[in-house]
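Chemist: Residue strings, one per chain:
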Amino acid sequence: MTVTGRDSGWASGGGGSRGSLAAPHGLADADLLAMYRIMALARALDERMWVLNRSGRAPFVISGQGHEGAQVGIAWPLRRDHDWVAPFYRSIATCLVVGMTPRDLMLAQFARASDPGSGGRQMPGHYGHPAHHVVSVSSPVATQILHATGIALAARIRGLDQVAMAIMGEGSSNQGDVHEALNFAAIHRLPFVFVVENNGYAISVPAERELSVRDVAQRAAGYGIPGVVVDGTDVLACYAASREAVARARRGDGPSLIEAKVTRLTGHSSDDQQTKYRSASDLAEGRTRDPLPIFRAQLRDAGVLDEITELELDGEIAVAVDDATAFAEAEPDPDPATGTDHVFADPLAGEAPPPWHPSRAREAG
Amino acid sequence: MAVRTFIEAIREGMADEMRRDPSVVVLGEDVGRKGGVFLATDGLWAEFGDERVIDTPLTESQIIGTSVGAALNGLRPIAEIQFADFIFPAFNQIVSEAARMRYRTAGGAAVPMVIRAPYGGGVHGALYHSQSVEAFFTHVPGIKTVIPATPYDAKGLLRSAIRDDDPVLFLEHKKLYRSVRGEVPDGEYTVPLGQAVVRRPGRRLTVVAYGLMVHYALEAAERVAAEGIDCEVVDLRTLRPLDRATLLASVRKTGKCLVAYEDNKFGGYGAEIAAIVAEEAFDYLDGPVSRIAGPDTPAMPYNLALEEWFMLSPGKIADAIRKLAAY
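As you go down the protein sequences, you meet chains A and B in turn.
Residues 1 to 365 (my numbering) are what the first sequence spells out, left to right.
Residues 1 to 327 (my numbering) are what the second sequence spells out, left to right.
So that you can see chain A by itself, here it is in the shape it has in the complex:
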């Protein structure tokens, strides 16, 4: 296991670092702005979802606030519409990186018929998008890690050069499916990356009560695969760790585990009140680890983000959030007559009552 983060990454702060942020990572300043834009967009969409919830227009919200830096950095090396991601219910920024739009996310939030992931069948936050290779999220946690191993297995058998990434929280990482998946992926050296966004809480249970070790990444050793811990407020450290893991997977050297230490800025969901189980100081400390202002400050320090660009971005994001909200809210609900569609590829004609059903016979007679 190795630990990477801002301390071991690049020099930050001061004029001397101007222009030095992107280059060591093989990125351009435009990439950094694009990463920042998605983080800020994810946050703005997420905050809007809470407003919708608190104003009675959306029954449920589950949030990615505090996770966006890790999500953007880690998803960035994936090849869009080629590689696969099996995300979880906080993966709002991940979904934006791989191609989903603000309208897509709001259609899911409002559970409209045109929701591209599920046609309004899934709970909010349970994203999916076949064209962008986003595996549909379910609620019994950690099942998706096995789907990612199967996707990776199929990719190798079919010679597709794809990488599959599974993402979940540290709470979910304790499930038995995780052990079964990492063991299988490591045995077969599958093109697979396992990402844990460790926000320190499984709903209310703190990490020390759910993990026997300090870092989930320590468990990688049990499978003979690399496990790295990254600071989830350090977008470029997350990017670097993921770029290495994705490249390793793609060249056939097998799976890796990346654990990003993140902060959960909201309750578990709109139905949770985290002040009941988290102290004021814990919450205050968590807010100091908000990746959005941290990355913003880094970009400003490096001269990548200036005041005018920031204002333009803010304006563009506000327009996108308003547009997505208005668009999705105005879309029609699914028609209950479609409720039994897509149970199977074809309707089960044989299961309909035969025409000689007595009640029908009486009607006919």
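Don't read these hints as lab results, they were simulated from the structure.
Since no wrong hints were added, every one of them can be taken at face value.
Computed spacing ranges between beta-carbons, pair by pair: (1) A:Ser279 x B:Pro57: 38 to 44 Å; (2) A:Glu351 x B:Gly49: 36 to 42 Å; (3) B:Asp55 x A:Pro336: 43 to 49 Å.
From the structure, some residues in chain A lie toward chain B, with a derived Cβ separation under 8 Å: (4) Gly119; (5) Ser136; (6) His147.
Note that CB positions come from ideal geometry on N, CA and C, so glycine has one too.
We have chain A already, so just place chain B on it with the hints.
Modeler: Using the frame of chain A, we list chain B on its own:
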């Protein structure tokens, strides 16, 4: 036509489909070099190699979960669960994931995969090598359940299951593997899912069965025929989707229905058949829809006396036929 045992027909069905379609792969415990504990996959590893015949760790959830992912990315996996009794660690992956993927994506994603599992008792298998698990899964919309009774159907239904675009649970009664032989065509044929068959025509009473119980019901029908009770035996073959037309046409004709199933009685698959017959053929019934099934113990005990007490037999089914016929 060649004569094949039940398990030879299954093996040939897999091999033929793997030759026909390179996206068909097999994974499970001991399915490779050993060819499976029952030898259902014997020879596949030698012909198709490590890439397409994959020995897995002892991880049923992984076998199914990996198959779900592989199916999402273009393969048609055949996942073998070594004994149906061991399927429960994979229950979540089957029920919450495989069966729900098409529905929860509104048709955006599909999971074409087959889960093969030997089930059933009467083989000294005790509590954990004898169970009938179909009721757990026939309850779940989104997965099909097939239970063949003859070598011909085993091969033809398995080929249909592999080609199906939805997950199919394919349950094979392990007592049939080597005890039943039958003619199997050499060439390409399939048996469509969702079609029952009348194995024995009769006028007095309908016995509904599947798997090993089809053979026991046919034997019971022969015994009572000598007493003048003319039974019709319906082999459902596919439990879901259920062929209601064949089932109800038979009951409408005979006016009496006995459902024979090996699983314990309460809440078993036969309970749904009884409910459907009661709802859809009430006006034609000339006696209570009846069930003969296993006792309501948690599983099948080992000692031979206890096993025989648990298992249905042609004699027990014949007694149930006599009782209903006399109503």
